[in-house]
Amino acid sequence: MKSINVKVLLKASPIWIFILFELVFFSVAGSYLSLSDKAFMDVDNMLLLLKQSAPIGIIAMGMAIIMINGNIDLSVGATFAIAAIVLLETMSSPMFEGLGDWVIPIAWGAALLVGTLLGAINGLIAWKTGVDAFIVTLGSMLGFRGLVFMFNGENPTSHLNWTLVDFAEAQFLGLHTATWFLLVVTAAIWYLMNRTVHGRNAYAIGNNREAAVNAGIRVGPHMMINFMLIGFLAALSAVVFYSESGSVNPNDGQLYELWIITAVVLGGTKLTGGSGSILSTLGGVIAIQLLRKGLGHIGADTSTVNLVIGSILILVLFLDRQINIKGREELKV
Amino acid sequence: MTIGITQNNVGVDSYQTTYDKAFTEAARANPNIDAVVLDAGGDVARQIAQVEDLIQQGVDAIIIWPTNGEAVVPAVRKAKRAGIPVIVTNSNISKAGFDFISAFSGPDNVTQGKRSAEIMCDKFKSMGIASTAKVVHITGQPGYTTATERAEGFENRLPEVCPQVTVIDTQPGDWNREKSQQVMEAFLVKYDNIDGVYAGDDNMGVGALNAAKAAGRDGIIFVGATNFAVGYEAMAAGEYWGSIYQSPVDDAKAALQTAVDVLNGKDVPFLNYFDTPKITQDNMSNYTKPVF
Amino acid sequence: MLRLSKDEAIRFLGKQGILAAFVIFMLVFALAEAKFISADNVLSVIRSSAIIGVMALGVTFVVVSGNLDLSIGSMMSFSTIVVLDLHDKIGPVLAILAMFSLTLLLGALIGFLVGYLRLNSLIVTLGMLSAIHGLTLTYSGGKNMDISDKSSWFSFFGQDSVMGIPVPILIFALLAALLGIILSKTPFGRKIYAVGGNGTAATFSGISRSKTVFFCYLISSFCVATAGLIQASRSLGSQNTVGQGLELEVLAAVILGGASLLGGAGTIAKTVVGVLMLGFIQNGLLLMGLQFYVQFVVTWVIIILAVWLDIAGKRGKLWSPLA
Amino acid sequence: MNTPTPVLRLENIVKTFPGVRALDGVSLSVLPGEVHALMGENGAGKSTLMKVLGGIHQPDEGQVIVNERPVVMNGPLEAKALGIVFIHQELSLAEELSVAENVYLGELPTKGFGRVDWHELYQKTDAILAKLKVGFDAKTLVKDLSIANQQMVEIARALTVEAKVVIFDEPTASLTDAEKRVLFDVISDLQANDVGVVYISHRMEEIFKITDRISVLRDGQYQGSVATKDTDEEGVTQMMIGRKLDLTRKESNHELGKIALEVRNLSSGKAFNDVSFQVRSGEVVGFYGLVGAGRTEIAETLFGLRNKSSGEILLNGEVIDVKSPRDAIEKGISLVPEDRKGQGLVLGMNCRDNMTLPQVDDITAGPFVAEGAEIAIFDQYRDSLDIRTPGWKQDVGNLSGGNQQKIVIAKWLSMKPNVLIVDEPTRGIDVGSKSEIHKLLRKLASKGLAVIVISSEMPEVMHVSDRIVAMYSGRVTRTFECGEVTEDNLVQAISGVSKLA
Ligand SMILES: Nc1ncnc2c1ncn2[C@@H]1O[C@H](COP(=O)(O)OP(=O)(O)OP(=O)(O)O)[C@@H](O)[C@H]1O
Ligand SMILES: Nc1ncnc2c1ncn2[C@@H]1O[C@H](COP(=O)(O)OP(=O)(O)OP(=O)(O)O)[C@@H](O)[C@H]1O
Ligand SMILES: [Mg+2]
Ligand SMILES: [Mg+2]
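Protein chains in written order, with this note's numbering: chain H, 1 to 333; chain Y, 1 to 292; chain S, 1 to 323; chain R, 1 to 501.
Everything labelled a hint here was simulated from the structure, so no lab data went into it.
Treat the hints with care, as some may be off.
[Claimed, not checked] Quick look at which bits of chain Y chain S covers, simulated, 3 or more residues with Cβ under 8 Å:
1) 23-35
2) 38-52
3) 277-286
[Claimed, not checked] Label-pair distances were calculated between CB atoms; the ranges are:
4) R:S27 <-> H:K128: 30 to 40 Å
5) Y:E152 <-> S:L31: 33 to 43 Å
6) R:N74 <-> H:G109: 53 to 63 Å
7) Y:E152 <-> H:K128: 15 to 25 Å
8) H:V333 <-> R:E68: 47 to 57 Å
9) H:I106 <-> R:N74: 38 to 48 Å
Please read these numbers as outputs of a predicted model, since none were measured by experiment.
Note that beta-carbon positions come from the ideal geometry of N, C-alpha and C, so glycine has one too.
Model the full assembly from the supplied sequences, consistent with the hints where possible.
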């Protein structure tokens, strides 16, 4: 009886249970292994955790939509870098010199616009040519990165604006600016996916594309909007992050796509599309960030970190499957 | 005292790995030091998060090997505001951050690039081809500070010392021996005359050397940087001309010592370069074979 | 006079789209840069492509069976490091045997996780990418591996030629022929297409999906080990990250060749074309002296154009009918 | 009586696919308030014609005329806007979404800024569901419904708009009798409201029960229309296949052999419980029950696709343990599964390869697949089952539904089994082929095979079986010997009215 309840609980929110487990584990292990006097579950540390989850988290929300819609986007890391360059270039552009800090909204706008545009390019290609989104974005992952290098040669693009840094480092009601962005984006995307026609259609398309086409849903434009959204969110993530750090290397954002997809899948979104939850995606993001933070906390070295993160990914997947097995009489396919 | 370090990308090459090991060992050897050793895996965001974590954990000093010399400035400012001294290691942060750090410790990559240019030029002169020589340039991973600084030093210095030597092509080898070998193969097909190759490190230099050997093209002068064991051996075999001697062990020890000195209130120079001398076939007997 | 209607042209592309694209690109490059088609260059491109190519052969099996393998780059680093390290310790023959065994063990592990436990292959192999990298670092202590005796016959696989043909090319060709036959002509190959096309239907037909997937990963890891061998032998030394990032390049080649990520479609011959095409594109752009980032952009355009031509041919329409 | 103006006319519609002329100049008209049957063999072009009507395919030639105005429809929504509603042959649902969202798929009610008006959505859907007398509500997720109920969700879509024409493409293929009755009520309501109904089905009794007119297609060509009351099964069959069909069942005069398959007290989880029965070689045993009665699960257990939780299976008197389909195949058991697209076929594979898939290990020359032998097998079954395809190279996904089903049957017959289990073997199959398949099953039995036929069509089980096992809710309620079965006691047995046997 009791074991059934545990199973039900696990099924309802496996990722949050996993997070709980991580917290307990690192707290206990940390008290033996960590050199720090501060507890792992220190409030400040948890607030930092949320803040540090923001760059990946904001993009992950976009990836969740894309994957629910039945596509995938491998080019977000490159989009992230381009948006950052646009942001910083605009701020250092002599054109806006007279504006003082008013250049900030312009730079933000420009970066977000470019991100959205790049997303639109991906969406348009996937829609009009019918080439699978995986391939389209695999290509643009390379192509966009090429554009990054074209922009700034091979050097970092930098522009430190202390007003902006102060804004980005600020805390409101205890939460950092980046955390606020993450939470607002999560809420907005949750609303979009659960309350609007666009969101519901995205689910339908990912679930059964033929049925959606038969029902007269215009698959192409929906796909395009979703790609624009993820482009926008990748740019937003860049805007939030680089407002604080002020400099972008042409290689920044590399491998982000893989971590983001991992977070989304850990959150329970199916790679085949059609199902997935925005809140669990947030859970997936936090789980990964927590893992990194925790391993650092207990002093694991690089090779161990790599080994553990890889194994944990597989383990979580395995547990998730075990939880969802119906019984040994299930159809064996 | 507790010293936290966040490194650039430990697994990526054996210089950084050896540094990591040397640092840990040096810290362990000193009973007064507890070291929190972190690795940013090349990701700025992760590095900034690590600095924040170290601040939160309340370490006594932070050593940072920046993934990006500009981007970490605000994070370093945060440490400074929290009253934690910051020491930059291996590659410097931008000038905007100088107010927030206590010292820099590491090699001077621009100078290294310049020295490589001089090694190459001197060799051409002794061969008597300084007026005609053609050089190809294989750079490190695009976008990495070390790569750009070395390239800058080399490209600026070469015309000063050997104005008639031309750099006929430049392509990145991504710090990767195999990639560099492929790039060199294409160069060899494209150019019938190549007199010298400058590679951003010996790993790539040896890749280029392999390509030349496979194509049967003798007489090319190879100059690299960061003398790796393979480079040293190739030099001993007379196939590879010269490089820059730079020890990750010295690098790591210097960083740790600087941090300890700062914490002990000693006066340390702000720019604490350790020497990275030229090494060629002629003087290599003065140096031991690199351990990495 | 040869006149093709638009329809016929599209239908031809549907069958041989990638090949047509390949020929066109070769012609363009040859016109732009005479050295491009010199025997030296062609051999050198194929030889450098051999490493990617050998891995692409294995990945084709995995992709046709409806899965992905992102761990091959990391695994290739592992093989290379292991064989180089053991070469000096236990001699070349034992080193090669040990390295193949260890790599196949990793392949078997992935095959078990994806095939028998039915875990999602993208995430499993992503996890393995990270885990194997950790394993390699632990094994080597993060140091470069080098063979001390540079005259070892071990250099045969990467540096020698047989009858004027470089050994890597021979290995690639032989393996391609062998695996091509297995995939297209044997019952096992047929089962792979069935499992990739519709796993449930394959199970209902008495085909063991688990076993089939398992062997695909085993083949993939065998190819990775072979690639590692060529790599190690070619430079007789290596860093820990030698294979890093190759997974995406290999995947691009396989897809460029026309394999479907959904499984059930793709052939070895087309993969070989995909591999060569990527190799020649990169080489051609390099010879034209383009900056590497221009190469990135051009490769992007070419990948999308080639795949587009291919599917446009299959559906008989240039533009997608999607509303 | 003067004829009313048709709500819909099709003139000279031509539609080709690569290698196939699916429609070859078809003309047709639908009157308001009539139920118009569209009949034809598998692959005759019925679904294609309806897809043209529904805006999914655009015709190569010809015109669609709605209310005497020629129209061009570039998509399903345009067709819907013109009042044409299309209920698909294959389920076309997004399973992860709720019933309501599926019913209004593509046109969710909104309340500004693209927000879904959930209140209105659920209210409207529940009103429709009430009319359909189904046992689930608007918020249920479609994936939690049985196949039959999913079909009812499809049907609910017909009632969302003021339709002028409603097309039903084989709606009853997976419905139970009770649900069929509801469907027919819905159809007569539509009729009463002057809606034109196009009804596609291979089931003659339905056609003669509810339709007013019958149009027939053969090989993409229009064969003519007749008033239903002026014709009979024989006449329609003749129009469809160009010859008469002998529907009588020859009394089996062959001897039954030994008990080939025996099942004792078999249970598997919650799917079925304590099931016992025997099948002799030479015998056809029918399994009849409502959807969800557990028949498919029994078949799957016999075929090694499910673990049993208790009981035993005996083959030729020996207890066997079937761990996997491979095991089952080696022991001479074949299963024609229920879901041809999901379980029966690899749609992207050609006809030949699909057909020989289970025996690909055995037809080899050296290490290679013997393609010649494969083609021989394909040719043999194409001829004997009359499979319509341009050739073995055609992808199975491009065949019509019925021809796909024949490929699946051929696949398992060519295994030369001792025990043949067929689950809904004639779902979506035309009368001609259906009687062929029935004859074939009889013939196979007469050659000594033990055959199990699972079917939800009463005429089918009664026609083809020597004995009938009736099931209700995972249990065998009664086994009817030859001769003792009547429609009445069969219905009682499967609805749980009669006592458990
Ligand atoms: N997308 C397609 N591509 C190629 N051929 C097709 C396609 N759709 C249908 N066909 C072909 O068109 C013909 C008519 O098919 P259709 O589905 O209309 O038959 P049907 O009358 O509905 O048969 P059934 O009773 O079996 O459902 C068949 O020969 C089929 O193979
Ligand atoms: N009450 C139910 N609610 C939801 N789904 C059901 C229910 N009963 C059965 N199902 C599902 O419907 C499908 C068909 O049912 P099942 O195979 O158990 O019945 P069956 O006796 O084989 O009937 P049939 O062969 O006529 O479909 C199965 O996938 C089953 O999981
Ligand atoms: Mg049909
Ligand atoms: Mg059933």
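Hints versus structure:
With 0 residues having a beta carbon nearer than 8 Å to a beta carbon of chain S, the region 23-35 of chain Y misses the requirement of three or more and the stated coverage is violated. Under a criterion of three residues with beta carbons nearer than 8 Å to beta carbons of chain S, the stated coverage of the region 38-52 of chain Y fails, only 0 such residues being counted. With 0 residues bearing a CB less than 8 Å from a CB of chain S, the region 277-286 of chain Y misses the requirement of three and the coverage assertion fails. For S27 of chain R and K128 of chain H, the hinted distance range of 30 to 40 Å is satisfied, since their beta carbons lie about 36 Å from each other.
Distance hint check: the CB atoms of E152 of chain Y and L31 of chain S are about 37 Å apart, consistent with the given range 33 to 43 Å. Checked against the hint of 53 to 63 Å, the C-beta distance between N74 of chain R and G109 of chain H comes to roughly 37 Å, which is inconsistent with it. Taking the beta carbon of each, E152 of chain Y and K128 of chain H are about 43 Å apart, not inside 15 to 25 Å as hinted. Evaluation of the 47 to 57 Å hint for V333 of chain H and E68 of chain R yields a pass: the beta carbon distance comes to about 52 Å.
A hinted range of 38 to 48 Å for the beta carbons of I106 of chain H and N74 of chain R is consistent with their spacing of about 42 Å.
Hint compliance for this structure: hints 1, 2, 3, 6 and 7 are broken, all remaining hints hold.
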